[in-house]
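**Q** Chain residues, written in single-letter form:
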Amino acid sequence: MVTYIIRRLIWSVVMLSIVSIITFAIFFLVPRLAGATSEDLAARYVGRTASAEQVKVAAEKLGFNDPLVVQYGRFAKGIVVGADYDYGPGVERCPAPCFGYSFLTRLPVWPDLLDRLPVTISLALGAAVIWVIAGVATGVLSALKRGSFFDRAAMSIALAGVSMPIFFTGMVSLVLFSYGLKITVAGGTYTPFLTNPATWAYDLLLPWITLAFLYAAGYARLTRAGMLETMNEDYIRTARAKGLRERTVVVKHGLRGALTPILTIFGLDLGLLLGGAVLTESTYSLPGIGKYAIDAIGRQDLPQVMGVTLVAAFFVVVANLVVDLLYAVVDPRVRLV
Amino acid sequence: MSEPLLSVEGLEKHFPVTKGLLQRQVAAVKAVDGISFDVVKGETLGLVGESGCGKTTTGRLITRLIEPTGGKILFEGNDITHMSQGRMRPLRRDVQMIFQDPYSSLNPRHTVGAIVGAPFRIQGIKTEHGTKKAVQDILELVGLNPEHYNRYPHEFSGGQRQRIGIARTLALKPKLIIADEPVSALDVSIQAQVVNLLEDLQGELDLTYLVIAHDLSVVRHISDRVAVMYLGKIVELADRKSLYESPMHPYTNALLSAVPIPDPKGRAQRERIRLQGDVPSPLNPPPACRFHTRCWKAQEICKTVEPPLETLATGHQVACHFPENAPTTPEPAVTTA
Amino acid sequence: MSFLELKDLRVHFPTDDGLVKSVDGLSFALERGKTLGIVGESGSGKSVTSLGILGLHKGGRAKLGGEIWLDGEELVGASAEHVRTLRGKKMAMIFQDPLSAMHPFYTVGSQIVEAYRIHNDVSKKVARKHAIDMLGRVGIPQPDRRVDSYPHEFSGGMRQRAMIAMALSCDPELLIADEPTTALDVTVQAQILDLMRDLQRDFNAALIIITHDLGVVAELADDILVMYGGKCIEYGTAEDIFERPEHPYTWGLLGSMPRLDRDRTERLLPIKGSPPSLINVPAGCAFHPRCTFEDRTGGKASTEVPQLVETEGGHLVRCHLPRDTRRSIWETEIKPSLEAS
Chain A
1 MVTYIIRRLI WSVVMLSIVS IITFAIFFLV PRLAGATSED LAARYVGRTA SAEQVKVAAE
61 KLGFNDPLVV QYGRFAKGIV VGADYDYGPG VERCPAPCFG YSFLTRLPVW PDLLDRLPVT
121 ISLALGAAVI WVIAGVATGV LSALKRGSFF DRAAMSIALA GVSMPIFFTG MVSLVLFSYG
181 LKITVAGGTY TPFLTNPATW AYDLLLPWIT LAFLYAAGYA RLTRAGMLET MNEDYIRTAR
241 AKGLRERTVV VKHGLRGALT PILTIFGLDL GLLLGGAVLT ESTYSLPGIG KYAIDAIGRQ
301 DLPQVMGVTL VAAFFVVVAN LVVDLLYAVV DPRVRLV
Chain B
1 MSEPLLSVEG LEKHFPVTKG LLQRQVAAVK AVDGISFDVV KGETLGLVGE SGCGKTTTGR
61 LITRLIEPTG GKILFEGNDI THMSQGRMRP LRRDVQMIFQ DPYSSLNPRH TVGAIVGAPF
121 RIQGIKTEHG TKKAVQDILE LVGLNPEHYN RYPHEFSGGQ RQRIGIARTL ALKPKLIIAD
181 EPVSALDVSI QAQVVNLLED LQGELDLTYL VIAHDLSVVR HISDRVAVMY LGKIVELADR
241 KSLYESPMHP YTNALLSAVP IPDPKGRAQR ERIRLQGDVP SPLNPPPACR FHTRCWKAQE
301 ICKTVEPPLE TLATGHQVAC HFPENAPTTP EPAVTTA
Chain C
1 MSFLELKDLR VHFPTDDGLV KSVDGLSFAL ERGKTLGIVG ESGSGKSVTS LGILGLHKGG
61 RAKLGGEIWL DGEELVGASA EHVRTLRGKK MAMIFQDPLS AMHPFYTVGS QIVEAYRIHN
121 DVSKKVARKH AIDMLGRVGI PQPDRRVDSY PHEFSGGMRQ RAMIAMALSC DPELLIADEP
181 TTALDVTVQA QILDLMRDLQ RDFNAALIII THDLGVVAEL ADDILVMYGG KCIEYGTAED
241 IFERPEHPYT WGLLGSMPRL DRDRTERLLP IKGSPPSLIN VPAGCAFHPR CTFEDRTGGK
301 ASTEVPQLVE TEGGHLVRCH LPRDTRRSIW ETEIKPSLEA S
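Residue numbers (the UniProt record's numbering), protein chains in the order written: chain A, 1 to 337; chain B, 1 to 337; chain C, 1 to 341.
Derived from the structure by calculation, the hints contain no laboratory data.
From the three backbone atoms N, C-alpha and C, an ideal C-beta is built for every residue, glycine too.
Please note that a few of the clues may not be correct.
Taking lysine-lysine pairs in the DSSO-like style, the calculated list, with each CA pair at most 27 Å apart, reads [what the hints assert, rightly or not]:
hint	chain 1	residue 1	chain 2	residue 2
1	C	Lys7	C	Lys129
2	C	Lys335	A	Lys252
3	C	Lys34	C	Lys89
4	B	Lys72	B	Lys173
5	B	Lys133	B	Lys173
6	B	Lys41	B	Lys72
7	C	Lys63	A	Lys145
8	C	Lys125	C	Lys89
9	B	Lys265	B	Lys175
10	B	Lys133	B	Lys19
11	C	Lys58	C	Lys7
12	A	Lys252	C	Lys125
13	C	Lys7	A	Lys252
14	C	Lys89	A	Lys252
15	B	Lys265	C	Lys63
16	C	Lys300	C	Lys335
17	A	Lys252	A	Lys145
18	C	Lys63	C	Lys90
19	C	Lys63	C	Lys7
20	B	Lys241	C	Lys335
21	C	Lys58	A	Lys145
22	B	Lys241	B	Lys297
23	C	Lys34	C	Lys124
24	A	Lys252	C	Lys58
25	C	Lys90	C	Lys34
26	B	Lys132	B	Lys72
27	C	Lys300	C	Lys272
28	A	Lys252	C	Lys124
29	C	Lys124	C	Lys89
30	C	Lys34	C	Lys7
31	B	Lys133	B	Lys175
32	B	Lys265	C	Lys34
33	C	Lys124	C	Lys90
One-sided and incomplete, this derived list gives chain B residues near chain C with beta-carbon spacing under 7 Å [what the hints assert, rightly or not]:
hint	residue
34	Ser51
35	Lys175
36	His221
37	Gln269
Now the stretches of chain A that chain C is said to cover, found in silico as 3 or more residues with beta-carbon under 8 Å [what the hints assert, rightly or not]:
hint	segment
38	11 to 25
39	75 to 85
40	229 to 243
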């Protein structure tokens, strides 16, 4: 078990390094392939008023003329010990972990990300709680009452749920509940949980439900399929033959068996969302990682985009790791050697 | 005796078991551990044993579905042990396999005609009156209606499906057929049909069979000679009559004694040999004679010296220090194998 | 009245293709301490019968008819909840494949504890002690350690022993074993059959063994019931069925089976054709399309359903052939051909 965790941890670090190399290569090579010179890149950092000479100096000092490997090395070193960006007119300190320094906002990327992380985490976790409860419950009921009116209705709604994109359901919900019924905020506000938990929940209610609706639909379908399969297993027949109550059979024996694939999907979904619920955050103007990413892309702020990408990759890799470990806890047949 | 069609010499298959951070190989499952036998043209050799004895692995090794770890396989005198897939191709015609499960071994989306005709297409063989005619002839040969050419496997019963599987193997007029549990998934009344069919086909088409099965009564009925396997080794090999009437290896005796006899009259008086426990794991087989942990005749020598497979009577080979029914009691062999 | 009595049990499943009559009018009686073997091929209705007795079809799509009397209580008309309280306590079941029949995520011990605590109001500690006792009784070595193992950590034989321990944990008076040894190796099968014989003596339960293997019933059963197409076609003592069988289907089963206790016959004598689909059970005698002697019934075979008739001392046969014809066919044609040629 321990060696397995260590091996997986090492592997996770390797994965993250590979992801960072690829993103780094893309962000630094693509502009060059498009014809941009080191000076063009440096110009974005020193401002429009700078002379050609200043730009040239800045390009040299920022290391844009170094080979890609050296540039990546410097970037990686920055994550560990921090970095100084000397662009001619001045020196900007970017403390560790330095995920890059945005010359457009004149701020290191990492503190920005840290600021926005609570928003994204609140959004993702809150929605996750709702969609898991709603999705799994609907799926179980549908499976048990297979072919009934409830089953058909639930599965139709679920089909609609997975088919409708967030920006559509989001807009509709805003029009309906915020502008029409005026029972929720119109988005754009976020109160930290520690400041006032009630306002925190009130502000996030609509985004939660919208996001959860999309996922709950998928989870309901998945749970239904899993339950239908599990309830046909021999061990369910054994549980009934023991004289267990039907509810115990369904929950303790059926659901437990059906939940493993859902756990896998859940880990990946949550990992992806923690890296930024881009559509939801944009629709509701929530200042989270996803919104940050959209804004950074709009400004073509490469260090920021790079930072978001790495944080997102980190969450996905960690989620994968956690899922694999949980799998062994849930299913004793999975032996971790 | 005529030349052997198939000759197996010291065949081994070890599956590696890896462990730790670097996935070092720490042990091997010795699924097949040095077995030798011949199959003579026109005969049926039965390979019996309990689960984990390596009989199925042996079949797969001979058909080269998996790579052997050691030893030699000779087919018609040619060494095919490590022959490349390309050079094996013409030989694939001569060696065909019948599988246990007539439900999963037929592609449900292909018609009977396509399934039975596939070998012609794969091997690029032209037949006189076209493939369809050839396939219909074969269907008739195995007792199926040739008009069922365009039907799908799910339209047939288990016994008919097994006939389709047999028809497929017969398409290219093979010399050797390896049948892995050909009847164990079938109903009793259907088993007898298929056993009779296999016997009829052998007579008509001059086939040679290697039948792998766990059912001792079916093996006795169908085989000319029988090899008994235990944990990757052949413990006894003899013609049908001597093996069933005067078995020499204690394991063979125990196996025969364990078969339930459909005769309620004598059940109270019947003498039975009852082995204790299950077959040990092939991952950690007992040293020397592998049967010594369950053998009632075991002595010190059985734990230290592996008994070689020796000919103790004409055509009767046994690997045991203390064989039963032996013509003369030989000195316990102290040669190491 | 006997301890267990089935009267005209019917289990029908409505499907899109028609009514599937899995069990169609089955009657038998069984006393405590006795063993009944039910023999049949796939689709004969033998497993559906056992699930029917346990009430596991209740609440499903199956339509049940007839009567099941267990120790003076009628179960077909009883409420599902009442039958549930009997299940596991008064009647228990052992299944074919112990690997799939045990929940892979719970330890063997906790599954036995669960079975015990449904019907006995005891603490977990007491139940665990009981589980260890039961595992010991069915011959599992070091039961106090193995109680915490998961099913996949057991060998096939050990798993089936654990299943038996679970079924016997509440001391049931009726035990149904559905193909209990089919998934096991032959040496392990012999051990399990011995174990079941010993336990039945100790527990004095009524035992029903359901199997396709005539060898297994011959080892254990006092009485044997042969099923075909949802109906009983022959019923008698084990000796009746093996020494004086009177139904052509029973003859066919005996002829299909290679036997180690006799000299090898040159040919097996299979039954032609395949078991019927239960949606399209042949008219008249369900077996007539496969029957070698159908032409000797004077055309009744395909038109009239034969009745189950007593031929001698509790030996029942469902066949149109006259009794004397059956006996002479057995003595002069079938029996000699089963001996060595």
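**Q** Now, for every hint given, state plainly whether the structure supports it.
**A** Outcome of the hint check:
1. In summary, the hint linking Lys7(C) to Lys129(C) is not supported, as the alpha carbons are separated by about 40 Å, beyond the 27 Å threshold.
2. Between Lys335(C) and Lys252(A) the alpha-carbon distance is near 54 Å, which puts this suggested pair outside the 27 Å criterion.
3. For the hint pairing Lys34(C) with Lys89(C), the CA-to-CA distance comes to about 19 Å; that is within 27 Å, so the pair holds.
4. Proximity of Lys72(B) to Lys173(B) is assessed by CA-CA distance (about 25 Å); at most 27 Å being required, the pair is judged to hold.
5. Annotation: proposed proximity of Lys133(B) to Lys173(B) holds, straight-line Cα distance about 15 Å (limit 27 Å).
6. This hinted pair checks out: Lys41(B) and Lys72(B) have alpha carbons roughly 19 Å apart, not beyond 27 Å.
7. Distance hint between Lys63(C) and Lys145(A) is fulfilled; the C-alpha atoms sit about 18 Å from each other, no more than 27 Å.
8. Straight-line distance between C-alpha atoms of Lys125(C) and Lys89(C) comes to about 20 Å, which keeps the hinted pair within the 27 Å bound.
9. In summary, the hint linking Lys265(B) to Lys175(B) is not supported, as the alpha carbons are separated by about 44 Å, beyond the 27 Å threshold.
10. At most 27 Å may separate the alpha-carbon atoms for a hinted pair to count; Lys133(B) and Lys19(B) exceed this at roughly 55 Å.
11. For the proposed pair Lys58(C) and Lys7(C), the alpha carbon gap of about 18 Å is at most 27 Å, so the pair holds.
12. Note on Lys252(A) and Lys125(C): the hinted pairing holds, with a Cα-Cα distance of about 20 Å set against a maximum of 27 Å.
13. Between Lys7(C) and Lys252(A) the alpha-carbon distance is near 36 Å, which puts this suggested pair outside the 27 Å criterion.
14. Of the pairs offered as hints, the one joining Lys89(C) and Lys252(A) holds, with about 20 Å between alpha carbons and a cut-off of 27 Å not exceeded.
15. Pair hint Lys265(B) plus Lys63(C) does not hold up; C-alpha atoms about 40 Å apart against a cutoff of 27 Å.
16. For the hint linking Lys300(C) to Lys335(C), the alpha-carbon distance of about 25 Å falls within 27 Å, and the restraint holds.
17. Annotation: proposed proximity of Lys252(A) to Lys145(A) holds, straight-line Cα distance about 18 Å (limit 27 Å).
18. A distance of roughly 24 Å separates the Cα atoms of Lys63(C) and Lys90(C); the hinted pair therefore holds under the 27 Å criterion.
19. Pair hint Lys63(C) plus Lys7(C) holds up; C-alpha atoms about 15 Å apart against a cutoff of 27 Å.
20. With a C-alpha separation of about 23 Å, the suggested pair Lys241(B) and Lys335(C) falls inside the 27 Å cut-off, and the hint holds.
21. The hinted pair formed by Lys58(C) and Lys145(A) meets the criterion: a straight-line CA distance of about 15 Å does not exceed 27 Å.
22. Taking the CA atoms of Lys241(B) and Lys297(B), the gap is about 24 Å. The hint holds against a cut of 27 Å.
23. Between the alpha carbons of Lys34(C) and Lys124(C) the distance comes to roughly 34 Å, so the proposed pair goes past 27 Å and is violated.
24. Between Lys252(A) and Lys58(C) the alpha-carbon distance is near 21 Å, which keeps this suggested pair within the 27 Å criterion.
25. A hinted pair counts as satisfied when its Cα atoms are at most 27 Å apart, and Lys90(C) with Lys34(C) qualifies at roughly 16 Å.
26. About 38 Å separates the Cα atoms of Lys132(B) and Lys72(B), which puts this hinted pair outside 27 Å; it is violated.
27. Between Lys300(C) and Lys272(C), the direct Cα distance comes to roughly 20 Å. Compliance with the 27 Å bound is thereby established for this hinted pair.
28. For the proposed pair Lys252(A) and Lys124(C), the alpha carbon gap of about 17 Å is at most 27 Å, so the pair holds.
29. The suggested pairing of Lys124(C) with Lys89(C) holds, with an alpha-carbon distance near 18 Å, which does not exceed 27 Å.
30. Annotation: proposed proximity of Lys34(C) to Lys7(C) holds, straight-line Cα distance about 19 Å (limit 27 Å).
31. Between the alpha carbons of Lys133(B) and Lys175(B) the distance comes to roughly 22 Å, so the proposed pair stays at or under 27 Å and holds.
32. Taking the CA atoms of Lys265(B) and Lys34(C), the gap is near 17 Å; set against the 27 Å cutoff, the hint holds.
33. This hinted pair checks out: Lys124(C) and Lys90(C) have alpha carbons roughly 21 Å apart, not beyond 27 Å.
34. Because the smallest distance between the Cβ of Ser51(B) and any Cβ of chain C comes to about 6 Å, under 7 Å, the interface hint for this residue holds.
35. Given hint, Lys175(B) at the interface with chain C, is violated; its Cβ is 25 Å from that chain's nearest Cβ, farther than 7 Å.
36. A hinted interface residue such as His221(B) counts as satisfied when its beta carbon comes closer than 7 Å to some beta carbon of chain C; here the least separation is about 4 Å, so the hint holds.
37. At its closest, the beta carbon of Gln269(B) sits 13 Å from a beta carbon of chain C; the interface hint therefore is violated under the 7 Å criterion.
38. With a threshold of 8 Å between beta carbons, the proposed coverage of the segment 11 to 25 of chain A by chain C is violated, since 0 of its residues qualify and at least three are required.
39. Counting residues of the segment 75 to 85 of chain A whose CB lies closer than 8 Å to any CB of chain C gives 0, which falls below the minimum of 3, so the coverage claim is violated.
40. Closer than 8 Å: that is the beta-carbon criterion, and the segment 229 to 243 of chain A has 10 residues meeting it against chain C, so the requirement of 3 holds.
Violated hints, in rising order: 1, 2, 9, 10, 13, 15, 23, 26, 35, 37, 38, 39; the structure is consistent with all others.
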